[in-house]
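*Asks:* Sequence:
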Amino acid sequence: MEDSYKVATGPAAVVSDAPKQAGLPQVTDAAKQDNPPRLNFGDRFGVLLALLTVYIIWGSTYLGIRFAVQGGFPPFMMAGLRFTIAGVALYLILRARGIANPARLEWRNAAIIGAFLLLGGNGGVTFAEQWVASGLAALAVATVPLWAALFAGLWGRWPSRFEWLGITLGLVGIALLNLNSDMTANGLGALVLVVAPISWAFGTVFSRRLAMPKGLMASALEMIGGGVLLLFASLLLGEHFNQPPTSSSLWAFAYLTIFGSLLAFSAYDYLLRRARPTLITSYAYVNPPVAVLLGAIMAGEQLTPIGLLAMFIILGGVVLIALKPRPPAIAE
38 MEDSYKVATG PAAVVSDAPK QAGLPQVTDA AKQDNPPRLN FGDRFGVLLA
88 LLTVYIIWGS TYLGIRFAVQ GGFPPFMMAG LRFTIAGVAL YLILRARGIA
138 NPARLEWRNA AIIGAFLLLG GNGGVTFAEQ WVASGLAALA VATVPLWAAL
188 FAGLWGRWPS RFEWLGITLG LVGIALLNLN SDMTANGLGA LVLVVAPISW
238 AFGTVFSRRL AMPKGLMASA LEMIGGGVLL LFASLLLGEH FNQPPTSSSL
288 WAFAYLTIFG SLLAFSAYDY LLRRARPTLI TSYAYVNPPV AVLLGAIMAG
338 EQLTPIGLLA MFIILGGVVL IALKPRPPAI AE
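Be aware that the sequence shown starts at 38, since it is given in our numbering, and climbs by one per residue.
Any given hint could turn out to be false.
[What the hints assert, rightly or not] Derived CB-CB ranges, DEER-like: (1) LEU247 x SER197: 20 to 30 Å; (2) GLY224 x GLN280: 45 to 55 Å; (3) PHE82 x LEU272: 38 to 48 Å; (4) ILE130 x PRO342: 26 to 36 Å; (5) ARG141 x ALA336: 27 to 37 Å; (6) THR205 x PRO281: 24 to 34 Å; (7) ALA137 x LEU272: 23 to 33 Å; (8) LEU274 x LEU202: 37 to 47 Å; (9) GLY193 x ASN279: 48 to 58 Å.
Since the hints were made in silico from the structure, they are not lab data. All C-beta atoms, glycine included, are put in the ideal place defined by N, C-alpha and C.
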């Protein structure tokens with residue numbers, strides 16, 4: 038992949054000399070905005086391909102997580118192992134290809150983002166899926182664009198009236214989702230499933246404000262940092278195998294590691310440097326239909342009328358945000 042930070046040209050691309058002198062990636066002012074500059078054809082095709090990868094693969098990982106966790110894997114241990122293995126593998130491949138080892142600051146920043154995305158975000162979803170159906174987990178994660186719009190306001194871009202309407206609809210959907218029987222089966226699981234998207238959304242927005250490694254190296258470091266933190270959480274919670282994992286859980290773990298972590302997370306990190314947050318997080322309203330369909334076909338999951346209503350309300354809210362018209366480009 039190309040340098041993830043070289044996305045701005047012309048007068049809008051004001052670059053600080055400090056990162057350049059320190060040998061760090063140059064983060065442009067334009068890259069820090071919710072509306073990054075227009076991309077060339079190659080980057081646009083890359084964004085489209087990355088979006089399709091995240092849409093399809095992450096839509097299927099909810100069912101994979103359910104099979105892995107309910108088949109014998111402790112949740113935080115499973116998530117920590119998959120991301121650590123994928124991160125180390127990607128790091129070694131990149132180093133073998135001659136990619137330089139990132140600076141200490143970049144390691145730290147990647148670990149911070151990994152904590153929000155993987156420990157708080159993915160780890161929370163994995164933990165909740167001990168009790169919550171995979172389709173409903175995907176529906177809760179559909180609120181990521183809503184929270185991302187709010188966090189973008191912390192850096193000066195508060196939601197418009199149109200976006201506030203979407204946020205309100207999303208929160209109403211979450212309230213209905215908690216009334217669903219599958220969600221109320223475990224109060225802790227329901228609470229964690231509400232907090233996890235908030236953590237992921239904040240990490241998504243905050244990552245655009247930090248000096249990060251170039252290209253795939255950012256994905257590798259984030260997975261290593263987040264994976265180690267997940268394993269540490271597993272150790273603190275005293276997780277252990279109560280029984281040998283089933284064959285289906287082992288296959289699910291392999292799928293999650295290779296496709297869900299190594300491939301899809303790298304595609305997501307590619308998007309972080311090339312697209313606006315509302316487009317990046319649009320995967321959240323494509324994943325639920327994929328997850329619900331796979332859950333019904335492969336796991337016999339059923340969506341109650343309340344859950345179905347919550348799905349349409351949540352999806353309506355995030356669509357209002359993700360499809361918000363962009364302001365006209367400023368002529369150079």
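*Asks:* Next step is simple, just say for each hint if it's right about the structure.
*Replies:* Here is what the structure says about each hint:
no.: 1; hint: LEU247 x SER197: 20 to 30 Å; result: holds (26 Å)
no.: 2; hint: GLY224 x GLN280: 45 to 55 Å; result: violated (26 Å)
no.: 3; hint: PHE82 x LEU272: 38 to 48 Å; result: holds (43 Å)
no.: 4; hint: ILE130 x PRO342: 26 to 36 Å; result: violated (48 Å)
no.: 5; hint: ARG141 x ALA336: 27 to 37 Å; result: violated (44 Å)
no.: 6; hint: THR205 x PRO281: 24 to 34 Å; result: violated (47 Å)
no.: 7; hint: ALA137 x LEU272: 23 to 33 Å; result: holds (32 Å)
no.: 8; hint: LEU274 x LEU202: 37 to 47 Å; result: holds (40 Å)
no.: 9; hint: GLY193 x ASN279: 48 to 58 Å; result: holds (49 Å)
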